[in-house]
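S.K.: Assemble the whole structure, with the sequences as input and the hints as a guide.
Under my numbering, the letters of the sequence shown match residues 6 to 291, in that order.
No lab work stands behind these hints: they were computed from the structure.
As the structure is a computational prediction, the values presented were derived from the model and not from experiment.
Among the hints, a few may not be true.
[Claimed, not checked] Straight-line C-alpha distance at most 35 Å; calculated DSBU-like pairs for lysine-lysine:
hint, residue 1, residue 2
1, 28, 130
2, 270, 224
3, 28, 223
4, 130, 152
5, 270, 247
6, 58, 75
7, 31, 58
[As the list claims (entries may be wrong)] So the derived label-pair ranges between C-beta atoms look like this:
hint, residue 1, residue 2, range
8, 228, 48, 25 to 35 Å
9, 278, 44, 41 to 51 Å
10, 223, 58, 36 to 46 Å
11, 29, 77, 20 to 30 Å
12, 77, 135, 14 to 24 Å
13, 198, 25, 27 to 37 Å
14, 211, 121, 29 to 39 Å
15, 8, 206, 41 to 51 Å
16, 209, 287, 36 to 46 Å
17, 125, 50, 12 to 22 Å
18, 77, 206, 49 to 59 Å
19, 220, 148, 51 to 61 Å
20, 199, 77, 46 to 56 Å
Every residue, glycine too, gets a C-beta built ideally from N, C-alpha and C.
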Amino acid sequence: MRIHHIHQPFDVLLVTVDECPIKEHKNTFIELVYMFDGAGTYHINQNEFRYQKENLFLAMPMDLHYTEVKETTAFMFIRFNNIYLNAQKARDEYSNLGDWIHKLEYIFHNNNHLQGCILRNQHDKPLVRALMEAIRQEYANRQTLHKELVQQLLNTLLTVVARNITTHIPEKTKLAQNTSLDIIHYIHQNIYNQDLLRAERIASHFNISLNYLSEYFKKHTHETLQQYIINYKIALVEIRLKHSDMRINEIAAELGFTDDSHLIKTFRKHRGMSPLEYRREALAMV
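M.R.: Structure (structure tokens):
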């Protein structure tokens with residue numbers, strides 16, 4: 006089995022084939038696979054999904070995947086790594102684009118729950134088709150600043166991907182009432198602001214009593230509010246350990262731990278090993 010790498014922040018590959026030349030493999034980068042037309046089967050992590058035109062699939066680093074082509078298919082593979090993601094960080098704190106790393110972490114966190122084509126919003130399919138056609142034309146014509154334009158198109162595409170994944174929540178978080186889901190979204194949006202994550206602030210934001218907030222959240226998620234927040238933070242720590250070269254003290258500061266010792270102790274409690282041991286194991290698998 007082959008493991009593929011890319012040596013630039015992102016690239017785009019366009020192919021039309023009757024048989025996929027790449028067999029079962031893993032990537033060290035994120036890959037979006039779009040089918041302009043054709044039909045076949047997309048295999049990922051021992052699951053298989055029928056694909057047709059205008060389907061879009063997402064493969065995360067070290068996912069095992071390959072494609073069986075039944076009808077001639079025009080593929081677009083959009084591939085990018087953490088270098089690209091880090092470059093998208095908003096420099097202006099008032100920018101409504103926000104920090105791309107933070108926006109995309111929702112994709113990382115929920116990827117294991119995705120089933121098949123990630124375009125769940127039917128109204129987004131024409132938009133994605135137009136974005137893919139624009140990217141294809143830019144790569145074909147290669148006019149001045151075509152790479153810069155493709156980058157902007159890719160960021161728009163990632164926004165659409167995030168929206169579709171956000172609307173397809175794992176079963177355990179498909180809650181009985183919208184308020185519960187809103188609380189989860191609030192936590193994801195404010196995970197880097199400790200003050201906004203205090204139970205008192207959340208209760209005030211949703212105009213409900215503090216006691217009711219705790220009871221209601223646990224009833225629908227089977228976790229306390231603080232358990233959910235710390236579990237989400239640990240998942241974000243894992244992402245950084247796997248896909249970045251951030252130091253432990255940098256991760257601790259970003260995610261609101263008191264210091265690196267606090268992060269190490271918390272991580273060991275939940276994962277049974279230190280962050281550095283986890284990083285070494287993750288790197289050994291690449």
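S.K.: Each of the hints needs a verdict: does it hold here or not?
M.R.: Okay, the hints, checked on the actual structure:
About 28 Å separates the Cα atoms of residue 28 and residue 130, which keeps this hinted pair within 35 Å; it holds. Among the hinted pairs, residue 270 with residue 224 is consistent with the structure: their alpha-carbon atoms are about 28 Å apart, no more than 35 Å. Note on residue 28 and residue 223: the hinted pairing is violated, with a Cα-Cα distance of about 44 Å set against a maximum of 35 Å. Taking the CA atoms of residue 130 and residue 152, the gap is near 24 Å; set against the 35 Å cutoff, the hint holds.
Using a Cα cut-off of 35 Å, the hinted pair residue 270 and residue 247 holds, with the two alpha carbons roughly 19 Å apart. Restraint check: the Cα-Cα separation between residue 58 and residue 75 comes to about 12 Å, which is no more than 35 Å; the hinted pair holds. At most 35 Å may separate the alpha-carbon atoms for a hinted pair to count; residue 31 and residue 58 meet this at roughly 24 Å. Restraint check, residue 228 to residue 48: a C-beta distance of roughly 33 Å satisfies the suggested window 25 to 35 Å.
The hinted range of 41 to 51 Å is satisfied by residue 278 and residue 44, whose Cβ atoms lie roughly 44 Å apart. Checked against the given bound of 36 to 46 Å, the beta carbons of residue 223 and residue 58, roughly 44 Å apart, stay inside it. At roughly 21 Å, the beta-carbon separation of residue 29 and residue 77 lies within the given 20 to 30 Å, and the hint holds. Here the CB-CB span from residue 77 to residue 135 is close to 23 Å, well matched to the stated 14 to 24 Å.
The given range of 27 to 37 Å is broken by residue 198 and residue 25, whose C-beta atoms sit roughly 45 Å from each other. Between residue 211 and residue 121 the beta carbon distance is about 33 Å. The supplied range of 29 to 39 Å therefore holds. In this structure the hint that residue 8 and residue 206 lie 41 to 51 Å apart at CB holds, the actual value being about 44 Å. For residue 209 and residue 287, the Cβ-Cβ distance of about 39 Å falls inside the hinted range of 36 to 46 Å, so the restraint holds.
Hint check: residue 125 to residue 50, Cβ distance near 19 Å, so the stated range 12 to 22 Å holds. A hinted range of 49 to 59 Å holds for the C-beta pair residue 77 and residue 206, which are about 55 Å apart. Roughly 59 Å separates the CB atoms of residue 220 and residue 148, a value that falls within the hinted 51 to 61 Å. Distance hint check for residue 199 and residue 77: the Cβ-Cβ separation is about 54 Å, which falls inside the suggested range of 46 to 56 Å.
Going down the numbered hints, you'll see the structure goes against 3 and 13, while the others check out.
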